[in-house]
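Position in the sequence shown (from 1) plus 410 gives the number in this note's numbering.
No wet-lab data here; the hints were simulated from the structure. Keep in mind that the hints are not guaranteed to be accurate.
Derived lysine to any residue pairs resembling SDA-like cross-links, with alpha carbons at most 20 Å apart [claimed, not checked]:
1. K570 / R556
2. K570 / A554
3. K570 / K516
4. K738 / D769
5. K686 / A825
6. K669 / E716
7. K836 / A825
8. K516 / P608
9. K467 / V457
10. K516 / Y532
11. K738 / A825
12. K465 / F519
13. K467 / R414
14. K738 / D690
15. K521 / C641
16. K669 / D769
17. K686 / Q783
18. K418 / G441
19. K702 / E609
20. K702 / Q720
21. K483 / V457
22. K521 / K418
23. K465 / K516
24. K516 / G754
25. K428 / F562
26. K516 / K418
27. K428 / Y506
Cβ-Cβ distance ranges computed for the label pairs, FRET-style [claimed, not checked]:
28. D698 / T645: 15 to 21 Å
29. D568 / I801: 25 to 31 Å
30. H606 / E514: 56 to 62 Å
31. E540 / V453: 40 to 46 Å
32. E514 / E540: 27 to 33 Å
33. E639 / G802: 43 to 49 Å
34. E697 / E567: 28 to 34 Å
35. G535 / E462: 24 to 30 Å
Note that beta-carbon positions come from the ideal geometry of N, C-alpha and C, so glycine has one too.
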Amino acid sequence: MQKRVMGKASFCNVQDLKGNIQCYVARDSIGEDSYADFKKYDVGDIVGVTGEVFKTKTEEISIHASSVTLLSKSLQILPEKYHGLTNTDIRYRQRYTDLIMNEEVKETFVKRSKIIAAIRRYLDGQGFMEVETPMLVSNAGGAAARPFETHFNALDEDVKLRISLELYLKRLIVGGLERVYEIGRVFRNEGLDTRHNPEFTLMELYQAYTDYNGMMDLTENMFRFVANEVCGATTIPYGEDMINLGKPFERLTMIDAVKKYTGIDFDQVPDTAAAKKLADEKEVHYEDRHSKGDILNLFFEEFVEEHLVQPTFIMDHPVEISPLTKRKPDKPDYVERFELFITGREMCNAYSELNDPIDQRARFQAQEELFAQGDEEANHTDEDFLNALEIGMPPTGGIGYGIDRLVMLLTNSPAIRDVLLFPTMKSLDKKDQ
């Protein structure tokens with residue numbers, strides 16, 4: 411509540427989730443005692459108002475109050491009206507105050523809810539089934555990331571928070587649930603920046619009897635559907651750019667993308683030694699354990715990603731960086747995988763899923779060797795998952811979407827913290843609180 415007291419009559423503004431309205435409060439209408447109480451109310455107090463709607467001389471819709479009731483007292487002073495709450499650190503730490511003071515922040519999170527609801531409507535219409543899988547796991551696989559670890563007292567076992575949804579959802583494909591998806595939190599013990607938060611919302615979906623081409627078509631159609639539902643258009647602003655989700659997304663192999671922006675054709679690079687020589691010439695940092703495929707990916711990250719402003723599918727990644735993906739039959743050093751980039755950011759990651767248990771075991775063993783060499787993000791062998799593959803998994807397309815990044819795109823938000831209600835923050839010392 412905000413108010414302006416003027417003798418025998420006052421004006422105040424009250425707001426709720428739906429909006430803000432002016433109230434005219436007169437001593438003669440609510441009684442002398444109630445008016446005396448009203449004058450003691452502070453900005454930020456929660457009140458209930460009854461009365462009749464009317465228009466002021468300036469045509470503003472208002473309520474002529476017949477009663478004003480204090481429902482909850484605010485014991486802290488809200489930020490000053492005209493300058494609002496602008497300190498970014500306080501905004502993130504005290505999101506409740508941020509939501510009160512900044513209408514555009516509230517709109518962002520209302521829109522976030524609508525985005526997730528639209529995704530569910532689209533997938534439900536495509537025959538997908540929403541499921542839930544474990545967050546506490548003994549083997550955190552399905553992504554290249556360092557997990558958070560804890561101890562399960564009841565079982566006296568060390569467990570991890572999941573870093574991905576992938577391996578359990580694939581087990582459900584094996585079990586005959588042919589179209590499944592999950593929207594849930596995952597946890598990665600990594601850094602904080604404008605694109606990353608250690609806990610974030612991931613959606614993964616898996617569909618039997620399709621491949622990564624089917625996943626590209628599904629992704630294009632879903633992004634258009636959600637943009638239309640939430641924004642009312644398929645061309646949307648992001649920063650200084652207008653992002654066109656309405657036309658077909660560009661499709662480039664990783665090799666062609668690197669060639670387009672660097673002039674280097676990795677198809678003509680014969681081996682790892684030659685790739686490392688190129689990296690030295692271009693001042694691209696690599697590690698001794700990196701192979702030709704790893705270095706191709708480093709070139710892509712260094713020279714290509716920032717240029718992918720309009721929707722672009724980057725396809726056919728090196729096998730070295732894709733341990734759960736089916737190889738290309740005509741080019742076995744590469745896999746049937748794509749990532750969608752918009753505004754220079756990865757929006758999703760998809761595969762034709764590897765369903766050969768022998769090849770999968772070999773990939774896990776290669777990952778174990780990388781872990782032994784110091785790669786803390788390498789996957790570990792998951793025997794139960796291998797057992798599921800040995801039962802038999804049909805040809806499957808799978809995809810993971812960063813929901814927070816999609817919300818950033820559709821709300822024109824520059825940082826991931828702007829679309830998380832309570833982003834991870836460093837704890838304050840008691841003296842700073």
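Against the structure, the hints:
1. K570 / R556: It holds: about 10 Å lies between the C-alpha atoms, which stays within 20 Å.
2. K570 / A554: 14 Å, holds
3. K570 / K516: 34 Å, violated
4. K738 / D769: Given that 20 Å is the threshold and the Cα spacing comes to 13 Å, the pair holds.
5. K686 / A825: 34 Å, violated
6. K669 / E716: Status holds; Cα separation ~15 Å.
7. K836 / A825: 17 Å, holds
8. K516 / P608: Not satisfied, since the Cα-Cα distance of roughly 23 Å exceeds 20 Å.
9. K467 / V457: Distance ~25 Å between K467 and V457 Cα, so the pair is violated.
10. K516 / Y532: Given that 20 Å is the threshold and the Cα spacing comes to 25 Å, the pair is violated.
11. K738 / A825: 36 Å, violated
12. K465 / F519: 32 Å, violated
13. K467 / R414: Holds. K467 to R414 sits at ~17 Å (cutoff 20 Å).
14. K738 / D690: 29 Å, violated
15. K521 / C641: Status holds; Cα separation ~9 Å.
16. K669 / D769: 30 Å, violated
17. K686 / Q783: Measuring from Cα to Cα gives roughly 19 Å; hence the hint holds.
18. K418 / G441: Status holds; Cα separation ~11 Å.
19. K702 / E609: 32 Å, violated
20. K702 / Q720: 28 Å, violated
21. K483 / V457: 9 Å, holds
22. K521 / K418: It is violated: about 42 Å lies between the C-alpha atoms, which goes past 20 Å.
23. K465 / K516: Violated, because 27 Å separates the two Cα atoms, which is more than 20 Å.
24. K516 / G754: 26 Å, violated
25. K428 / F562: 44 Å, violated
26. K516 / K418: 35 Å, violated
27. K428 / Y506: 16 Å, holds
28. D698 / T645: 15 to 21 Å: 46 Å, violated
29. D568 / I801: 25 to 31 Å: Given about 28 Å between the Cβ atoms, the range holds.
30. H606 / E514: 56 to 62 Å: 23 Å, violated
31. E540 / V453: 40 to 46 Å: 43 Å, holds
32. E514 / E540: 27 to 33 Å: For E540 against E514, whose Cβ atoms are near 31 Å apart, the range 27 to 33 Å holds.
33. E639 / G802: 43 to 49 Å: Given range 43 to 49 Å: violated, Cβ gap about 38 Å.
34. E697 / E567: 28 to 34 Å: Roughly 33 Å apart at Cβ, these two residues keep to the hinted range, so it holds.
35. G535 / E462: 24 to 30 Å: At roughly 45 Å between Cβ atoms, E462 and G535 fall outside 24 to 30 Å, so the hint is violated.
Hints 3, 5, 8, 9, 10, 11, 12, 14, 16, 19, 20, 22, 23, 24, 25, 26, 28, 30, 33, 35 from the list above are not met by this structure, while the remaining hints are.
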